[in-house]
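Number of protein chains: 2
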Amino acid sequence: MEQPTASMLVIGDELLSGRTHDANMHHLANELTEIGINLSEARFIRDDDDAIVSNIIELRTKFDYLFTSGGIGPTHDDITTDCVAKAFGRQVSVRSDAFKILKKYYDEKGIELNEARLRMARIPETADLIENTISGAPGYVIENVYVMAGVPRIFQSMLKTILPNLKKGSPTLSLSVKLYKGEGDIALELEKIVRKFSELSFGSYPFNEKGVHGTNIVIRGKDKELMIKAKEKILILI
Amino acid sequence: MEQPTASMLVIGDELLSGRTHDANMHHLANELTEIGINLSEARFIRDDDDAIVSNIIELRTKFDYLFTSGGIGPTHDDITTDCVAKAFGRQVSVRSDAFKILKKYYDEKGIELNEARLRMARIPETADLIENTISGAPGYVIENVYVMAGVPRIFQSMLKTILPNLKKGSPTLSLSVKLYKGEGDIALELEKIVRKFSELSFGSYPFNEKGVHGTNIVIRGKDKELMIKAKEKILILI
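Residue numbers (this note's numbering), protein chains in the order written: chain A, 1137 to 1374; chain B, 1137 to 1374.
Honestly, the hints are just simulated from the structure, not real lab data. You may find that some hints are simply not true.
Since copy identity is lost for identical chains, a pair holds within one copy or between any two.
To be verified - Using 16 Å as the maximum straight-line C-alpha spacing, the simulated EDC-like pairs for lysine to aspartate or glutamate come out as follows:
no.	residue 1	residue 2
1	K1369	E1327
2	K1296	E1261
3	K1360	E1335
4	K1328	D1218
5	K1198	D1186
6	K1304	E1138
7	K1236	D1264
8	K1328	E1251
9	K1317	E1248
10	K1358	D1186
11	K1314	E1368
The shape of chain A in the complex, shown without the other chains (with noise of 0.2 Å):
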């Protein structure tokens, strides 16, 4: 069984000026792999149009997903949906279902679904929109590509409503093997149980816990008794 290949674009002046931390992508990259989806690549780009725009065609095509974080706030700049709108050669206007969205939310809340908060409501035409149990204002899917908030509360309550539609693959297992011993140590014998599971794939990871050095390896597969096999094998002869 093949496994489902995804993109990310993080979207923000914010990130790349080191104002906020990301928490995005390490949620997103979680929950794909629990499903069996590979998170290929994820990439973090200003608010520009240009890089937006390209970023999108580029990524939606060369991956199964493309999930985006940011810019679809009320504010002069929450650019993505236009962004988008353009990587798509789409028409963007204030949509009758996300505007009842809207006005209900609003509504139950007593504020007023003034202009600016209507703009939340211009979603590009043949997208499918992606409830957000936050704050409302929805994201929203066009073929492979997910548009959905940078908050990160919305960001993971939009992504609770999209996980169920996706493609899953079958889920990598990994397994987790602590040596207190240096990556120098072990790196020509872990070469050596590299070559001969070539089934699965290993990472090696080094650790200093209160001046103590030592390896975290870990053996990802889809074989749990091969991959059972192999930490044996690290066991035996590291």
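Following the hints, complete the assembly by docking chain B onto the known chain A.
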């Protein structure tokens, strides 16, 4: 004074599988912002030869600088150096300058400089070494590409070494205004101010503090006085 542009390539399966959080992008973003270099794009990719080579070529062509992190350790999954060499069409071999550094480092620790560790002395021809004050094995720079370790302490130490050699721009100043109003309430007035102060850039970032919604407006620019005027305008109008 033009700001130099920079890009980052973060190499490693562990970040895209959700196993680990990246800390290096945020650190690099802050350090570059401080010296007036504009981090324009960051990409996270897997331990995949073709992806590493093509991204190095693309990013180093598109931006003034490319900083990489990850994949220069002693194990089988450390493939960055071979990819860098391929991207530049250069040979790689154990170099005497890097060998001397490793020999001294491991001799002092009483650790054998074995075949695996020796791999970390494999450096592409013509590259200049970047000192690693934490664990010996150097990074290196070829033309506008800075190749550094993925372990955050080592990445930070290498970055510290190279920062003084980079071409600086005039630093972008920033000024924050914290408003206890939602983005939807301020967006239209804010947009008028944004138009008025066309030399400055304005970011709008919603927050939620214990259920209280608000917006941080971040004003960025070169002209402190103008920024203070814009801030006053925001405080009066909004």
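- Task: Starting from the hint list further up, note which numbers the structure goes against and sort them upward.
- Result: Violated: hints 2, 4 and 10.
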